[in-house]
Amino acid sequence: MNKLQGILPPLLFGAVLTGLWQLGVFNRIFNISQLQLPLPSKIIGVFISHLTAIGQNAVTTIAPAAVGLILGALLGYWMALIIAAFPQGGYGLMILVTIVNAIPIIALAPLMNRWFTVPFITKLAVIMVAASGSMTVHALQGLKNVAEEKLDLMHSCAAGKWEVFLRVRIPNSLPSVFSGLKIGVSAALLATIISEFFSKETSGIGYMIKHSLKVGNQRPLGWAYILAMSLFSVALYAVICILERRLIRWHASRR
Amino acid sequence: MKSKIRRSGQRKWAVLLEALLVAGLLAGCGSTSQTAGSAEGGSAQTGEEGLTKLTVQSLWFAQGQFAGLYVAQEKGFYEEEGLDVEIIPGGTDVTSEDQVSNGIAQIGVDFYSSVLTYQDGGADFINVFQTFKNSPQYLVAKADSGIKTGADLKGKKVGSWFGGREYEFYALAAKYGIDYENEIDWVQQDYTLDQFNNGEIDVASAMSYNEYLLLLDQYKESELNVIDMNEEGVSMLEDCLFVQKEWAEENKDTLVKFLRATIRGWQYAADHPDEAGQIVYRIGESATEEHQIAMTRKVIETAVIPEGSSREQIGELDTARIQRTIDQGFSTGLISKKIDIEDSIDDSYWKEAIAGLK
Numbered sequence: 237m238n239k240l241q242g243i244l245p246p247l248l249f250g251a252v253l254t255g256l257w258q259l260g261v262f263n264r265i266f267n268i269s270q271l272q273l274p275l276p277s278k279i280i281g282v283f284i285s286h287l288t289a290i291g292q293n294a295v296t297t298i299a300p301a302a303v304g305l306i307l308g309a310l311l312g313y314w315m316a317l318i319i320a321a322f323p324q325g326g327y328g329l330m331i332l333v334t335i336v337n338a339i340p341i342i343a344l345a346p347l348m349n350r351w352f353t354v355p356f357i358t359k360l361a362v363i364m365v366a367a368s369g370s371m372t373v374h375a376l377q378g379l380k381n382v383a384e385e386k387l388d389l390m391h392s393c394a395a396g397k398w399e400v401f402l403r404v405r406i407p408n409s410l411p412s413v414f415s416g417l418k419i420g421v422s423a424a425l426l427a428t429i430i431s432e433f434f435s436k437e438t439s440g441i442g443y444m445i446k447h448s449l450k451v452g453n454q455r456p457l458g459w460a461y462i463l464a465m466s467l468f469s470v471a472l473y474a475v476i477c478i479l480e481r482r483l484i485r486w487h488a489s490r491r
Numbered sequence: 111m112k113s114k115i116r117r118s119g120q121r122k123w124a125v126l127l128e129a130l131l132v133a134g135l136l137a138g139c140g141s142t143s144q145t146a147g148s149a150e151g152g153s154a155q156t157g158e159e160g161l162t163k164l165t166v167q168s169l170w171f172a173q174g175q176f177a178g179l180y181v182a183q184e185k186g187f188y189e190e191e192g193l194d195v196e197i198i199p200g201g202t203d204v205t206s207e208d209q210v211s212n213g214i215a216q217i218g219v220d221f222y223s224s225v226l227t228y229q230d231g232g233a234d235f236i237n238v239f240q241t242f243k244n245s246p247q248y249l250v251a252k253a254d255s256g257i258k259t260g261a262d263l264k265g266k267k268v269g270s271w272f273g274g275r276e277y278e279f280y281a282l283a284a285k286y287g288i289d290y291e292n293e294i295d296w297v298q299q300d301y302t303l304d305q306f307n308n309g310e311i312d313v314a315s316a317m318s319y320n321e322y323l324l325l326l327d328q329y330k331e332s333e334l335n336v337i338d339m340n341e342e343g344v345s346m347l348e349d350c351l352f353v354q355k356e357w358a359e360e361n362k363d364t365l366v367k368f369l370r371a372t373i374r375g376w377q378y379a380a381d382h383p384d385e386a387g388q389i390v391y392r393i394g395e396s397a398t399e400e401h402q403i404a405m406t407r408k409v410i411e412t413a414v415i416p417e418g419s420s421r422e423q424i425g426e427l428d429t430a431r432i433q434r435t436i437d438q439g440f441s442t443g444l445i446s447k448k449i450d451i452e453d454s455i456d457d458s459y460w461k462e463a464i465a466g467l468k
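Protein chains in written order, with the working numbering: chain A, 237 to 491; chain B, 111 to 468.
These are calculated hints, taken from the structure and not from any lab test. Only a predicted model underlies this, so the values are computations on that prediction, with no experimental measurement involved. Backbone N, C-alpha and C fix where the C-beta goes; we use that ideal spot for every residue, glycine too. There may be inaccurate statements among the hints.
Facing chain B, a subset of chain A residues (Cβ under 8 Å, in silico) [what the hints assert, rightly or not]: (1) I268; (2) G452; (3) N453.
Kindly produce the complete structure, drawing on both the sequences and the hints.
Here is the structure:
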């Protein structure tokens, strides 16, 4: 009952917006034709009739996105570990992470295309850069912000630095790892799409969006791919939420 | 519990109220921009000195490809017709069709094959001036690759800019019985020729008046094989001027004047290609002045006034060529139906413009 109340307002809001869109209200408000903003019914129709092609293109996109997210997260976590373990030298590394994280993906993607020849590897590189930064920042917080009493307890047992790391700091960082992953999902998917805009490949959701939106009568198809991308984004996010619930049931912050 | 339900109920109403407020706000914005749009786009607006303001959305950055427009502007041909013309340069993600549809520009420049896709989608655009009489799109391969005709494309890496530019190549492959979806390795070509130079692609897209000229700076003519879409009989018409049908009907005089001055611009560019090239280079600062002069010459020689046509035919809408573009667009799947030529072009404005020149 409580849960239903929680999702009802956003669901209602979404339904109202979609309804207004279907009635052509947005086309009228913004004074744009249905060629520029197709109606939801048209987009869903095209989505269904192109399901096979969408599936094929999705593989090209989602595979590197998922692998890149995992590798980027591992890389990010590894960096957080180093920074936490060696605070003096780690500070410099943190600055480096911040700088790399600040490079706009849209500038990085065409560059990477010139460095690597295999599109999959190119995408992987871009996604790893995009997904690792948020992981480092979040994981580091988890590794550092440990309750004093836990540390005191470990000290009283004469635990060494590495034992504290293994038994207190790393478990303490898990909830923030999931925060890092959740932000990483959207960053990774965004990076994949941007990378595909500049790619040599002629498949993938990013390519199809860019390509379809340029051809007058193929715009609804472009929107169908945008819809597909949103669905995949939500699905990946959901997977991470489910993992979070399963893996860190014990944590106090779990709602 | 009870109070909780009440609260969430109130919140629901708050959300709805918010949605309504936002919608109202947007409606307010929309209606003001609409009136502004109709003032600019609808009836011709007269500015200072009694000139009628017109905006043209070009297809790409200022370059020799559009020499006629820029010459007409710089030499004052538009002004002589009582027009104050602004030319907005295009870019990789600006579509002229949207700009015209949104009322930002009244006249758009794009490939006729692209305009067709919007007509196919239901837009009321009409082609009023066919600037290019053929397709200047080449496929280029290195001579030692042995690729000479469309038949040799099978299994090769072929670069295209896509976004509608690929349909001539589809028709070319189909002509030789090649399954273009599976038997050709298509590659997204960027706006440099690096992929061709370092061998990542076997065949590159090149405009005869632009990329091909740049290639000739690096290769001898004998080192390159050119597949010409016109010779292969699969050409689709490129640069044209289109407008919204309704706007054209309401602003007939303005449109005719604009077309007349544009024809004069192209004629002047044909007589003075060096000066025309300098003009577009000064405005666009793209590549080099020499390149813009060369492009202007090539565009005029091969597409605007090609062999066998005269200066009085600049912009003429040749129904046979138009029909071939429609037919081929339909057979390659670019458009979903054979659009009636009467709904696609209207040559009355061009006819009146050219008559006024004589």
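Right, here's what the structure says about each hint:
A cut of 8 Å between beta carbons decides the hint on I268 of chain A: the least distance to chain B is about 7 Å, and the hint holds. Hint status for G452 of chain A relative to chain B: holds, with the closest Cβ pair at about 3 Å, below 8 Å. For N453 of chain A, the shortest C-beta to C-beta distance to chain B is roughly 4 Å, which falls under 8 Å, so the interface hint holds.
Of the numbered hints listed earlier, not one is contradicted by the structure.
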